[in-house]
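Add chain B to chain A, keeping to what the hints say.
The listed protein sequences derive, respectively, from chains A and B. Be aware that the first sequence starts at 287, since it is given in my numbering, and climbs by one per residue. Be aware that the second sequence starts at 12, since it is given in my numbering, and climbs by one per residue.
Hints listed in this document are in silico derivations from the structure and should not be mistaken for laboratory results. The C-beta atom is built at its ideal place from N, Cα and C for all residues, glycine as well. Hints are supplied without guarantee of correctness; some may be wrong.
Partial list, derived from the structure: chain A residues whose beta carbon lies under 7 Å from chain B [as the list claims (entries may be wrong)]: (1) Met500; (2) Leu502; (3) Gly504; (4) Ala505; (5) Ser506.
Dumping the calculated DSSO-like pairs for lysine-lysine here, alpha-carbon to alpha-carbon at most 30 Å [claimed, not checked]: (6) Lys190/B to Lys142/B; (7) Lys458/A to Lys423/A; (8) Lys425/A to Lys391/A; (9) Lys399/A to Lys368/A; (10) Lys585/A to Lys76/B; (11) Lys585/A to Lys121/B; (12) Lys301/A to Lys121/B; (13) Lys106/B to Lys585/A; (14) Lys368/A to Lys425/A; (15) Lys351/A to Lys391/A; (16) Lys400/A to Lys368/A; (17) Lys106/B to Lys301/A; (18) Lys585/A to Lys27/B; (19) Lys128/B to Lys142/B; (20) Lys39/B to Lys121/B; (21) Lys39/B to Lys128/B; (22) Lys400/A to Lys423/A; (23) Lys335/A to Lys400/A.
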Amino acid sequence: MRLNYILSDLGIGLKRNMSMTIAVVVTIWVSLSLFGSALLAREQVDLMKGNWYDKIQISVFLCTKDSGGRGCAGTEVTQEQKNRIQQVIQTNPDTAPDGVFSESKSEAFESFKKLYKDSPIVSTVTQDQMQESFRVKLKDPQRYQNLVSAVSGLPGVDTVQDLRQYLDPLFKALNGLQVGALIAAGLLLVAALMQISNTIRLAAYARRREIGIMRLVGASNFYIQLPFLLEAVLAALVGAVFACGTLWVGVYFVVMQRAQETFRVWQWVGATETFRATLIMVVVGLILAVIPTFLTTRKYLKV
Amino acid sequence: MIRFENVSKTYEGQSKAALLNVNVEIEKGEFVFLVGTSGSGKSTFLRLVLREHRTTRGHIMVAGKDLNRLASWRIPQMRRQIGTVFQDFRLLPNKTVAENVAFALQVIGKPRSHIRKTVPEVLELVGLDGKEDRMPDELSGGEQQRVAIARAFVNRPMILIADEPTGNLDPGTSVGIMKLLDRINRTGTTVVMATHDVSIVDQMRKRVIELENGHVVRDESRGVYGYQH
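Isolated chain A, as found in the complex (with noise of 0.2 Å):
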């Protein structure tokens, strides 16, 4: 095969669609960026889920004289019930083995005192208003409902406290995100595929004598496809760089000079995400353009 000749005809061709090939590498830049985004949102919400979901534990509170929950009958919780409810607590198949600990009333009056220590609120409080409690680790801490409903009902239980009721909401909204930038990338990613396939049928036509030549002296039907094969892939690959670089000024810039600077306890995406995130954006521009290509060459160049 004469690469030269390919070569040269790659240029030409190029040149020959150079508002079309532009657009197509825009696009493309544009909706691999998108898509690089939310793969990388989602590395986070990951990051963040297993940061919080470590820690997560359920507390069950105990009645006072003066809590109201469902099981409190306005009196203190009893030794009875509280051998009770840490009886449910145990024997069940979510909690983690050794995962229940107890906190009496002092002990939640040391850590309550020690978290306001600066605060003037611990001169009004006594120990006497702090409540029992039981702390249960989980096996896996995704599965917490069936603890929770099957220890909420007991008599001598205040209310049952998972710190998952106030982050699921933040879950739920990064994952809206991430699903909102997917379908705005796989949007794109459509128009681009589309602009790549007219793109070709552009350049088959002007090269429609060529290419009535070359198959009139038997020229191979690979042989006709590459340069329509070269120029789509070319274009993808510069519109990938882009985006990839897009990518890693966006990581460098938001994630490692700000995010991680303020917030400094939270994990964050770094090199590692961004790296694999860049891999797959280019292995998606390039599927991009070689499969429509292909599809579109058939149909146009009826080879």
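Just chain B now, kept in the frame of chain A:
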């Protein structure tokens, strides 16, 4: 070399057959004129030989191969054994004479050394030596057709198909082209030429196959164009 066995061809969406029950055998090295009015089926005949279309019924054997059984990826290979010339030359306007001829070899992956050797040879054969670097629009119609013939012949095909090669040329030039095709035929290449040119057919006294409404109505070994003209 080319054998039609009960070949019928009806194009999609048409009720009338373009070819109907055609039985023709063309031997290796023959020179055959395909005559008949427009729409008689000449072009369909040639397109079927090139496997641009499939037959509706019947079989076509080209160089011992049944075209209906040929896998589509083998078609390019088959076409390399057939050279084709058209009425409108079909040269690439942005390439020189030599580049136009070389193009046919480049796109089937021939090595450059082979191309450098073969192209001047075939240009000399068609009488265009010295005009290698001209552009097609600097040439006369007859010269352009010679370039097209050189391109068709450069890969030494077993069969040369010519679809009204003299249709755009004046009589004097046409004679030159016919002499060239005759010369190519003498190298052993089978030539099948569709034409409307009465005087050429009458002068050459070669085999004539006449088509009418998709039927073969005449097949003479040393024929003339026919009676209706």
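Checked against the structure, which of the hints given earlier come out wrong? Going through the list in order, the structure violates no hint and respects every one.
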